[in-house]
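Colleague: Protein chains in written order, with this note's numbering: chain A, 5 to 575; chain B, 344 to 481.
These are calculated hints, taken from the structure and not from any lab test. Just so it is clear, the structure is predicted and the values come from calculations on it, not from any experiment. Please note: incorrect hints may appear among the correct ones.
[Said to hold, decoys possible] Derived, one-sided and incomplete: chain A residues facing chain B with beta-carbon distance under 8 Å:
| id | residue |
| --- | --- |
| 1 | D65 |
| 2 | S223 |
| 3 | P385 |
| 4 | P389 |
| 5 | I390 |
| 6 | P401 |
| 7 | W405 |
| 8 | D518 |
Note that beta-carbon positions come from the ideal geometry of N, C-alpha and C, so glycine has one too.
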Amino acid sequence: MERRHSASLGPDVTRKGAADAIVVGSGAGGASAALGLARAGFRVVVLEKGPAYDLRDFARDEIASCRRDMFVPLADEDPHVKVDERGRPQRTNEGWTACCVGGGTVHMSAFTYRLHPEDLRLRGILGQLEGSTLADWPISWDELLPYYERMEVELGVSGDAERNPFEVFRRPLPLPPLPENGMAQLVETACEKLGLHAYPTARAILSRAWQGRARCQLSLCCGSYGCDVGAKSTALSALLPKALATGRCQVRPLCLAHAIEVDDRGRATGVRYIDARGGEQRVQASVVVVACSALETARLLLLSRSPAHPDGLANESGLVGRNLMFCGFGTGMAEFGRSDPPMSTIDWRQPFVNRSFQDLYLINEKTSSVRKAGTVSFLLPHSNPIYTAERLALSGPEPLWGKPLKDALRHVYREVRELEFEVFSETLPTADSRVTLDPKIKDRFGLPAARFEVKPHALDAEVNRSLVDQGIEVLRAMGGQRVRVTRVAQKTYWLIAGTARFGDDPRTSVLDRDCRAHSVPNLFVTDGSFMPTSGAVPNTLTIEANALRVADRIAALGRAHELSRAKGRRY
Amino acid sequence: VKAASARLIPSDADPGATEADVVAFIDAQLAKGHIGSFKGEIRAGLRQMDVLAHRAGSASFAQAAPALQDDVLRQLQHGMRLEGRWSSRHFFLVLLTLTLEGFLCDPVYGGNRDKMGWRFIGFEPRPPHPRCPYRGRA
């Protein structure tokens, strides 16, 4: 770690140790909230537990970016604890999106989907599902729409709204689609044959220069890498620079928030944190926004115990940490003869296939057991050859090595081209999928680690399979060979939601419709924690759009002097 | 390590771990933080490799014939207790993974000498951005 990685970004905006707002976390939810608040005139301090990288650090390096702890910490140092199917707690680095300024957006693949209006009222549409705590959102999709549009402009999202038959748009996306690999046409034709509707996947990647940033250079180093030209629209490249440009925002890297302080009237007064040198620090503010990913946000609220809040802050309902959702995940793959037309005529330097379909997103037939499934998205296998070699060596029941491994490498790199699909499927909320504080395992500062357990609803695997089947059908219709399922009925562990759901009733939700804690009038949460349903898409854009909405609400509540007033019901 | 990685990615008409100097990569990684923590396990695994080779009549693993080396690696792959708390299967997977990394990594890490691994698979990364001098930090 170099000194520049721990240096604060932006001027000290505090006066006598106090800012107007503290934002904990600098990823999708934190950076978006900080941007909205700084623009609204708030002096904002952003606390980020990870280092501050810049473009120089994002070398096209297959080891550092993809295979070490540049983004995701080691399970020895900063563990999460995952309770496996047999009930045994295991140290893991799953459930970390990233620890660095910009959060998980820095190494994301930047697939950019909106939720559908129906996602916000699934409980009403599907009815009460046995075993699920499904709930409708307290806000309507129309309240979210202007923020989707604003965020898409902030990010410079590329795509083609007119060709997307599934999501609802009022106007075109700001940038045209990225250039495409010839596979895109083949996917589209095969989908047409099957009655499916593939459209160009929107990406938070610049297809043209936008707001002072250069367009994508097609380096192939995208997902799992930081973008060295800044063309990937991350919190670090697209949002924080604008927040810093207001002069009212400071980002403090390597600062781990571990307690939110409250006064005897129940209002948040500030945040205690451990700084880059290991020293205990405190910053005060009249608004506290928490956005450190759904897992770590639950941990911070549970760590913020005090005599008045023995079960953690904002946890009167006992729901903090519950209804944890990881987006459902699956993948499949096929091979195509390298020298067969049309493979031989495709320009393989083009990295983007960018085709998705959502024909099974929501089924309006009440007789079907699968009524809400999700998204299928096509892409080329990851460009890092170490991932490919590892996949060939380690995906079978016994590892492949020696001559068979070399032959497999020769086959994949000399004889065929590969195409992959990913599915993002609905995960129904369940009360027992939850985050708690581990009673034994601690992080390197001696703080209890977040322990999580997933108790999936029976339908999760079924809807995931139906999507994987669709992907497989498309690969077959394309004439693929060795068409196979490579992952099914799995969870993503990087698309996280739930744990502090919002709603109108303080008995059944943690946050109100403004993502403000029911029991703490100046405490807000803007990561994926607020979501009562997670949608069957990567939720990054929704988190970012909602955080802008919440920042507007905070500014409005501040103007109405509502932030200091005790509110809601105590019980 | 050198002899074992040469069996995991053998040399034939195309270069293998030996030509790509995978062992230079593994040595460099073991001298650093995270991978360095595998040092004890790797030492225990290497000792076990010699023990098994010796039992089969060879002076050491490195001096054993390729067929015997493969047999020893297969025994480790299928699992046994190593001295200390490690399992030989985990050791085998660590060694295999490091060998793959050393074969296909950016040459700044010491392996993939003269881009032998990359040339074998026809991988041509786009040149590093001129602004990014920090390759090889891990």
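Colleague: A separate judgement is required for each hint: does it hold in the structure or not?
Modeller: Verification of the hints:
With its C-beta approaching chain B no nearer than about 5 Å, D65/A sits inside the 8 Å limit, and its interface hint holds. The interface hint given for S223/A holds, since its Cβ lies 5 Å from the closest Cβ of chain B, which is under the 8 Å cut-off. Checking P385/A against chain B: minimum C-beta separation of about 12 Å lies over 8 Å; hint violated. Checking P389/A against chain B by beta carbon gives a least distance of about 5 Å; that is within 8 Å, so the hint holds.
Of the supplied interface hints, the one on I390/A holds, with its beta-carbon coming within about 5 Å of a beta-carbon of chain B, less than 8 Å. Hint status for P401/A: violated, given a least beta-carbon distance of 12 Å to chain B, over 8 Å. Taking 8 Å as the C-beta cut-off, the interface hint given for W405/A holds, the closest approach to chain B being about 5 Å. For D518/A, the shortest C-beta to C-beta distance to chain B is roughly 41 Å, which exceeds 8 Å, and the interface hint is violated.
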